[in-house]
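Visitor: The residues making up each chain are set out below.
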Amino acid sequence: MIKLEAQPDEIYDIELEHSLLEANEKLARQNRALLDEHGTTAIDFMGAIGSGKTTLITKLVEKLKNQCGVAVFNGDATTSEDADQIEKLGVPVVQIATINGCHLDANLVGKGLRKIDISKAKFIFIENIGNLICPAEFPLGSKARVVVVSVTEGPWMVRKHPHMFLGAQIVVINKIDLADAMGVSVEALINDVHTLKPDITVIPTSCKNGTGVDAVAQTLLAI
Amino acid sequence: MHELSIASGLVEKLLEFSAHNPERTILEVRLEIGELSHIDSEQLRFCYESIAKETPLEGSILTIARVPAIVSCPHCTYRGRPDYWDEALAIAPVMTMRCPHCGKAVEAEQGHECAIKSVRLLDTHTAPSV
Numbered sequence: 001m002i003k004l005e006a007q008p009d010e011i012y013d014i015e016l017e018h019s020l021l022e023a024n025e026k027l028a029r030q031n032r033a034l035l036d037e038h039g040t041t042a043i044d045f046m047g048a049i050g051s052g053k054t055t056l057i058t059k060l061v062e063k064l065k066n067q068c069g070v071a072v073f074n075g076d077a078t079t080s081e082d083a084d085q086i087e088k089l090g091v092p093v094v095q096i097a098t099i100n101g102c103h104l105d106a107n108l109v110g111k112g113l114r115k116i117d118i119s120k121a122k123f124i125f126i127e128n129i130g131n132l133i134c135p136a137e138f139p140l141g142s143k144a145r146v147v148v149v150s151v152t153e154g155p156w157m158v159r160k161h162p163h164m165f166l167g168a169q170i171v172v173i174n175k176i177d178l179a180d181a182m183g184v185s186v187e188a189l190i191n192d193v194h195t196l197k198p199d200i201t202v203i204p205t206s207c208k209n210g211t212g213v214d215a216v217a218q219t220l221l222a223i
Numbered sequence: 001m002h003e004l005s006i007a008s009g010l011v012e013k014l015l016e017f018s019a020h021n022p023e024r025t026i027l028e029v030r031l032e033i034g035e036l037s038h039i040d041s042e043q044l045r046f047c048y049e050s051i052a053k054e055t056p057l058e059g060s061i062l063t064i065a066r067v068p069a070i071v072s073c074p075h076c077t078y079r080g081r082p083d084y085w086d087e088a089l090a091i092a093p094v095m096t097m098r099c100p101h102c103g104k105a106v107e108a109e110q111g112h113e114c115a116i117k118s119v120r121l122l123d124t125h126t127a128p129s130v
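Which chain is which? The protein sequence lines are F and A, in order.
Here the first sequence stands for residues 1 to 223, where the numbers follow the numbering used here.
Here the second sequence stands for residues 1 to 130, where the numbers follow the numbering used here.
Bear in mind the hints are in silico, worked out from the structure with no lab data behind them.
Source: prediction; values computed, not measured.
There could be a bad hint or two in this list.
Below 20 Å or equal to it, Euclidean Cα-Cα: the simulated EDC-like pairs (lysine to aspartate or glutamate) are [stated by the list, open to error]:
#1 A:117 x F:17
#2 F:160 x A:83
#3 A:117 x F:37
#4 F:65 x F:25
#5 F:122 x F:37
#6 F:197 x A:35
#7 F:160 x A:40
#8 F:160 x A:87
#9 F:160 x F:117
#10 F:197 x A:107
#11 F:160 x A:86
#12 F:143 x A:107
#13 A:117 x F:15
#14 A:13 x F:15
#15 A:13 x F:17
#16 A:13 x A:32
#17 F:197 x A:87
#18 A:13 x F:13
#19 A:117 x F:22
#20 A:117 x F:25
#21 F:88 x F:62
#22 F:65 x F:87
#23 F:26 x A:86
#24 A:104 x F:199
#25 F:160 x A:32
#26 F:197 x A:109
#27 A:13 x F:25
Which bits of chain F does chain A cover? Going by a derived footprint, with three or more residues having C-beta under 8 Å, they are [to be verified]:
#28 11 to 19
#29 155 to 163
Note that the Cβ used here is the ideal one computed from N, Cα and C, for glycine as well.
Could you put the whole structure together from the sequences, leaning on the hints where they help?
Guide: Given below as structure tokens:
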């Protein structure tokens, strides 16, 4: 074997400042500029599978569609169940299938924005993939990020996924009608969220019986 | 597993650099990853090595430096390391956006980084050929 060692003057470092998230962030800024131009507010809903993102969006659409334009983007790895459910409400729906992707990104959302008439939508609700880590790293151009957690995810849900909450503005604690049955304290979950981020808005809801949905709608209208 | 998309972007950028600099071999790539980013170093390294196989990057070393978070408080003018949640039942410290001085919400100044800082190169043009 011939061993060859490079001399020190043949090895050198060069600075190569290059952000690996910049490509997505740039597209997110473009999405935001396009939305702002039309006076449209996009809201990104993140949370685990089964936390109630689709049900919450359904209730919000029912509540808001008669007073302002609403469109919905449903991110899903494979199925179109969620988009089918929302479409029955008669609002524009874009199904974004990420196939193997664990998060929506600004490129996919940008493509979706070109498929609808943005000027007719006051709100675009974007349902992210049911994943609690990956979506946090990829801004989409939304004005606010909402995390939906439910009491059925157990008492330590917030502590187990702190990162998701640090970049969010609103937290919805859903399925509070099941809190007693689950032995989960809604108060303790709210305290956990505020320990992580004191200025975050926390709204307890039961999308099943409608509790708190008005408060979520009012919070979004005030953004 | 968003590390895969980040590693793909990284390899793409480095191969582009490599194509423009055929006389240089990339020996080491140095990244800076912020404390506030949600990127797992080991997963990123695994993805990088997998994608770099059979490319000019194969065998290059990926060095990852963690950038500590710095926060500032608009309420009491505190600036420095964030507050950590000690009782969170976590094996790793859980960073919060709560001001260590006044308890109100802080803003992050540093810690979101995910960037290539520099590359270490071997100049194969001037190096003696075997």
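Visitor: Each hint needs a verdict: does it hold in this structure or not?
Guide: Okay, the hints, checked on the actual structure:
{"no.": "1", "hint": "A:117 x F:17", "verdict": "holds (5 Å)"}
{"no.": "2", "hint": "F:160 x A:83", "verdict": "holds (17 Å)"}
{"no.": "3", "hint": "A:117 x F:37", "verdict": "violated (35 Å)"}
{"no.": "4", "hint": "F:65 x F:25", "verdict": "violated (30 Å)"}
{"no.": "5", "hint": "F:122 x F:37", "verdict": "holds (12 Å)"}
{"no.": "6", "hint": "F:197 x A:35", "verdict": "holds (16 Å)"}
{"no.": "7", "hint": "F:160 x A:40", "verdict": "holds (16 Å)"}
{"no.": "8", "hint": "F:160 x A:87", "verdict": "holds (12 Å)"}
{"no.": "9", "hint": "F:160 x F:117", "verdict": "violated (39 Å)"}
{"no.": "10", "hint": "F:197 x A:107", "verdict": "holds (10 Å)"}
{"no.": "11", "hint": "F:160 x A:86", "verdict": "holds (13 Å)"}
{"no.": "12", "hint": "F:143 x A:107", "verdict": "holds (17 Å)"}
{"no.": "13", "hint": "A:117 x F:15", "verdict": "holds (6 Å)"}
{"no.": "14", "hint": "A:13 x F:15", "verdict": "holds (14 Å)"}
{"no.": "15", "hint": "A:13 x F:17", "verdict": "holds (11 Å)"}
{"no.": "16", "hint": "A:13 x A:32", "verdict": "holds (15 Å)"}
{"no.": "17", "hint": "F:197 x A:87", "verdict": "holds (15 Å)"}
{"no.": "18", "hint": "A:13 x F:13", "verdict": "holds (17 Å)"}
{"no.": "19", "hint": "A:117 x F:22", "verdict": "holds (14 Å)"}
{"no.": "20", "hint": "A:117 x F:25", "verdict": "holds (18 Å)"}
{"no.": "21", "hint": "F:88 x F:62", "verdict": "holds (11 Å)"}
{"no.": "22", "hint": "F:65 x F:87", "verdict": "holds (12 Å)"}
{"no.": "23", "hint": "F:26 x A:86", "verdict": "violated (36 Å)"}
{"no.": "24", "hint": "A:104 x F:199", "verdict": "holds (7 Å)"}
{"no.": "25", "hint": "F:160 x A:32", "verdict": "violated (25 Å)"}
{"no.": "26", "hint": "F:197 x A:109", "verdict": "holds (16 Å)"}
{"no.": "27", "hint": "A:13 x F:25", "verdict": "holds (16 Å)"}
{"no.": "28", "hint": "11 to 19", "verdict": "holds (count 9)"}
{"no.": "29", "hint": "155 to 163", "verdict": "holds (count 4)"}
Hints 3, 4, 9, 23 and 25, counting from the list given before, are not met by this structure.
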